[in-house]
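*Asks:* As a plain string of letters, each chain reads:
4 protein chains.
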Amino acid sequence: MVSTARSPVIPAKMQAWVLGNPGALELIEKPVPHPGAAEVLVRVDAIAVCATDLEVIYHGPPALIHGGEPFNKNFTPGHEYMGTVARLGAGVDEFEVGERVAVEVHAGCGRCERCREGMYTACLNYGMNYGDRDKGHRANGFTTDGGFAEYAINHVNTLVRVPGGMSDEEATLIVTAGTAMYGLDVMGGLIAGQALVVTGPGPIGLMGVAVAKALGAQPVILTGTRADQRRLELGRKLGADHVVNVHAEEATAAVRRITEGRGCHYVLECSGAPNAVNEAARMLNRGGRICLAAFPREPALIDVAYLVSNNIYLFGIRGEGRSATRRAAALMQQKRFDASLIHTHTFPLDEVPTAIRYARERVDDAIKVVVKLRH
Amino acid sequence: MVSTARSPVIPAKMQAWVLGNPGALELIEKPVPHPGAAEVLVRVDAIAVCATDLEVIYHGPPALIHGGEPFNKNFTPGHEYMGTVARLGAGVDEFEVGERVAVEVHAGCGRCERCREGMYTACLNYGMNYGDRDKGHRANGFTTDGGFAEYAINHVNTLVRVPGGMSDEEATLIVTAGTAMYGLDVMGGLIAGQALVVTGPGPIGLMGVAVAKALGAQPVILTGTRADQRRLELGRKLGADHVVNVHAEEATAAVRRITEGRGCHYVLECSGAPNAVNEAARMLNRGGRICLAAFPREPALIDVAYLVSNNIYLFGIRGEGRSATRRAAALMQQKRFDASLIHTHTFPLDEVPTAIRYARERVDDAIKVVVKLRH
Amino acid sequence: MVSTARSPVIPAKMQAWVLGNPGALELIEKPVPHPGAAEVLVRVDAIAVCATDLEVIYHGPPALIHGGEPFNKNFTPGHEYMGTVARLGAGVDEFEVGERVAVEVHAGCGRCERCREGMYTACLNYGMNYGDRDKGHRANGFTTDGGFAEYAINHVNTLVRVPGGMSDEEATLIVTAGTAMYGLDVMGGLIAGQALVVTGPGPIGLMGVAVAKALGAQPVILTGTRADQRRLELGRKLGADHVVNVHAEEATAAVRRITEGRGCHYVLECSGAPNAVNEAARMLNRGGRICLAAFPREPALIDVAYLVSNNIYLFGIRGEGRSATRRAAALMQQKRFDASLIHTHTFPLDEVPTAIRYARERVDDAIKVVVKLRH
Amino acid sequence: MVSTARSPVIPAKMQAWVLGNPGALELIEKPVPHPGAAEVLVRVDAIAVCATDLEVIYHGPPALIHGGEPFNKNFTPGHEYMGTVARLGAGVDEFEVGERVAVEVHAGCGRCERCREGMYTACLNYGMNYGDRDKGHRANGFTTDGGFAEYAINHVNTLVRVPGGMSDEEATLIVTAGTAMYGLDVMGGLIAGQALVVTGPGPIGLMGVAVAKALGAQPVILTGTRADQRRLELGRKLGADHVVNVHAEEATAAVRRITEGRGCHYVLECSGAPNAVNEAARMLNRGGRICLAAFPREPALIDVAYLVSNNIYLFGIRGEGRSATRRAAALMQQKRFDASLIHTHTFPLDEVPTAIRYARERVDDAIKVVVKLRH
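Protein chains in written order, with our numbering: chain B, 1 to 375; chain E, 1 to 375; chain A, 1 to 375; chain P, 1 to 375.
What the hints contain is simulated information worked out from the structure, not anything from laboratory work. None of these values were measured; they are calculated from a predicted model. Treat the hints with care, as some may be off.
One copy or any two copies: either way a pair holds, since identical chains are not told apart in the list.
In silico SDA-like cross-links for lysine to any residue, where the CA-CA straight-line distance does not exceed 20 Å [as the list claims (entries may be wrong)]:
| hint | residue 1 | residue 2 |
| --- | --- | --- |
| 1 | LYS73 | THR354 |
| 2 | LYS335 | LYS372 |
| 3 | LYS237 | ASP132 |
| 4 | LYS237 | ASP338 |
| 5 | LYS237 | GLN333 |
| 6 | LYS237 | GLN334 |
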């Protein structure tokens, strides 16, 4: 697993994109950071563009917002990256220099109530990692510098070994699969033989299809719109037993038809559509569960009485907790699904803005756009 | 526990209120029903009026709706009753004739997926208890005849022994306390020392305050409106550490103030107010949980993105599952709180419509209105 | 799914094996039983021999023991059967005549505390299904007549559809796979990417390997003795990443070696060996979990302090709860593993004693011995 | 809560007991340690003697054992202490100097799998807190210096605010109550109205009685031996509905009698007696649960088949996880039980060996012996 041949000559300076005014990224030179205790310096080899990167770039990283004006602070975004362990901080022997690693986003503070109960993505010290208020929380590319750069610091908790034989590009998708798996975990985790709907064929939705099928869900149904036709076809390759284009058939009717009127047990909501929660509720049988994994832009009109009278549970998730990323990597190592199917475009580091444009505007039907670094 | 002196002479006919047109109840004579296998005939001694009774009376019992026009079917509503075991069906030795019992609402079919996993209030055969489609589901006063009558049939699962020394009136509140306790159960159940808000001081909210405090929640905060002043005071007597009149102080601000900025761990939502879910979410710390125990009349605009980015879970409950009613009765037996505080008015059986009017219109500040039968 | 061509002409009499004195089975003629409410008459097409059948045959069915001398009561053993729906009891529309079904063992009473919380295999009315004490509990081949006969009555809860294209012989193994899956469920169910050891390569152990691997466990390690060599090889075909012959390498040392000193997360104990619990505990990392799925003949010396100081949890399971059998059937339908590999021998109905002898004495390296009926 | 008047003049040196040869403690002068990041210096005001202290003193602290000869290493034992915050390490604003605090034992490393899932008492880096292998794990008085001294360092995670008005002596029992509460948590936590047996009336057992009753368990039964008569009486005062002297009545028979043949739902095993697990299993109804909270000296003969055929679960716990200590403190703040009842003797710091002798030999019927410091 360790390419011992590679001598880790680490330069003093590195190239890194930083956030200027809203929406403006600039490629500058920064010092290569030094890993502290329990931290690792990762040489970034590849990084994918995620929809939430756009949020960060246009509206500012959330934690910095609390601390004042978030822009023009030399902040480097990007969180779906992988690379090579370049240097170990004090007390780190879980990894060796030269190992290939993918990364989770969140390292909780380890000292708040939520971290103490294992909910580290709901850390109560979210964003508290600077100066006097340093509680040790880190969210790569959100509250601490991320991966649109040649090197990045990572807490040891956020590292996941990349299985041998997996390409750099595919490895950037481990955290996406991990997020989808976490969504299944919070709904109870026992999904073999249960009917599951994924609404919205974005990257998390598609990985949700893949992981759910790998774990034996049956049937797996994926819904999308006309514009999603290519993605729906990919969903089928990744394990969906049925795909529903909601312009051709109303989604809840399709689910009722496919499940012979029984409804499904679980909905993984990845669309953020205005009526998504109501539709999800009506896809479910009584006592069913919804995982909310998308961030709708606007408040939505929701029929709460329907949720109550049908004993429906909803689980909001931000990211990838419960070490699901490591467990998802294991499924990928076992070749349970081919995550690389959703990787559509590749750009070099100096074309990050183009990569982001492709992702945002779905140029050339882009799904997952990866930036590949050369060292 | 058994008053052996009482000889159970059971008449052939009984008085019973039945539902005519929407909103119209009529007192008629009906045959006293006979308990089948696993059933018990209960002589009704007292029955409380619940808000959902009004729903049933004005809009029809939900299961009958599926089976056609729900009105003028000789249906007897009412579900918060208690009484005396009068006759045992085949195979029943869990209870004896003469024992005092309160009742839960739901007996699941015992054969669907949800019943098989213990979620009997989410029975997939809800309302299936007639003719060829008899799957054995019963919901007293919703899908099968209820307690506004001299006698009622109950599945053995729905019976709870009334502790010695408890009045008939208080015993009608066991199921109310059980529903509140179930709400705490589904949110995880470990609430000692955790901050909990109850929104809405109706009977379930007030019992939620009492049960949560009995289980050690700290602080327990109850919110209500100006019209709820008397109820808020009762809430304090039942265990609320703080009560908040939302006309005097905005509810989320009050919760932040009381919890010194940390927010609470749990919200038991009993108001059904239009903005209740959004406010509940903003009362919580990250990773907090909401139990939805009220039925809002209209769809509500909900900020789903806030739920997602704060890892909030919501649990809709219909009624009182997981044998919570029996566990709540144990707390009442131990005198952990005085449920009878919320009982405000009493009427005889022939004044059921008046009792319902008092409850619906809050005549004379009515909270819990009980109908007491004389035999 | 329904072979409509087959006209279900049901005879009045059938052939059935019944238990005489301990260890003695006799083939007699019995009336074909009639299904009651919520019951189905199944025409038995195939039935496998299980180790617990031997217990029943030599020591008597457990429930009858409570009711007196268990032998010579016309009792028919056998619980791992499958067949064809021949007749429906009242209120059954979940299945149709002609459908192929496998069966779970346990139908809980549906009215005790455990059934009400979903633990129907721990039904508190176990064995209560006769006469005045009929609470409706059934355990096929244990407390009610089983499948070593041409027809058998089954509660609708215990039926599982056989996927199209699956042989009768393989279908008898659905309940075995379901028991193994239930063992994984009770340990938490999130086993993808986790290290799991199965101790004992009997049928449940081998199905445990198959299901665990299907769900993504990594590595899956199977241990056995020298006599188990053929079974260990089968284990490898069913998904074990490593097999350990404990005569060649001490089991806990092997697990430490394979897991690079970290130990495993879960042990599914299927050997019943005297030191099995102590060894399982020492295979685990701290906080690990053991499922006890075998019945040791003798009390075992157990180092309880080790369990305590390492936060180890143990879960005893009797059979197959939580609808795991249906979920396991879904994995088999998806061809995640080939259960038929463990089927080694077949006999006709009139050779049941020979089939049992092959299973008990491992004649000709027998693993799963199936009795196939001709109608 | 903060006594601002107290000026925290912290000396350079302090008195501390250290472990010499097995069983030998010596009072020496040590430098007062300095709190690191996320740590707090606590001025010890009182410390109770626990049975596991004796283990440590006679057999060596467990982690040091791994690192070589554990004795004569200047190690200070003692973990049931409370005191006053004297100095804050970097980044600590959760507490203020002058606040009174009790302490939990375990601060997990925050970076292993178990810590990441919230099981910090099962930290996989147990004892790894020195030199190159410093992973940050701390177990006060086990793997890091404890409280038989004037000052002690504590990770911020292990601190619990002492409620106003609580004596120092009672505050030393918060962690004992927390351990008992954690035992109830791991068994599921929903114990109101459930039958619970505590076996063994030591301090954890007595606090188990108190917490279980505070949470509404019913009945609560405590078992002990003839020598425990005083403790059984205390158990009654702390909330036991029934106490059983096993010399007068066999324990399982007593439980069956008290529960009218139904058995109990939970057993909290605090005796470490040779037959404790078998007896606990036979006290339970099917599907019941046992928490193992005592460390038996010898392996015990256990009837594993009984555990399996009755679906019994066992949970080994080491200490007090899931923030149960903070939740137990809340119950004590609410005066749900009087923990000080079990405090029987008090000694000054220079009499620690006498205090330990009283505890070990039960001199003068000692239960909880407290060392009270004067500053």
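*Asks:* Each hint needs a verdict: does it hold in this structure or not?
*Replies:* Hint-by-hint comparison with the structure:
In this assembly of identical chains, LYS73 and THR354 lie within 20 Å of each other by CA distance neither inside one copy nor across copies; the values are 22 Å within and 62 Å between. Taking the closest pair of Cα atoms, LYS335 and LYS372 never come within 20 Å of each other, the shortest separation being 23 Å inside a single copy and 38 Å across copies. Within a single copy, LYS237 and ASP132 get their C-alpha atoms no closer than 50 Å, and across copies no closer than 43 Å, so neither meets the 20 Å cut-off. With identical chains, the CA atoms of LYS237 and ASP338 are at most 20 Å apart within one copy only, with a shortest distance of 9 Å there and 23 Å across copies.
Taking identical chains as interchangeable, the C-alpha atoms of LYS237 and GLN333 lie at most 20 Å apart whether they share a chain (18 Å) or sit on different chains (19 Å). Taking the shortest Cα distances, LYS237 and GLN334 sit within 20 Å of each other both inside one copy (17 Å) and across copies (15 Å).
Checked against the numbered hints above, the structure breaks hints 1, 2 and 3 and satisfies the rest.
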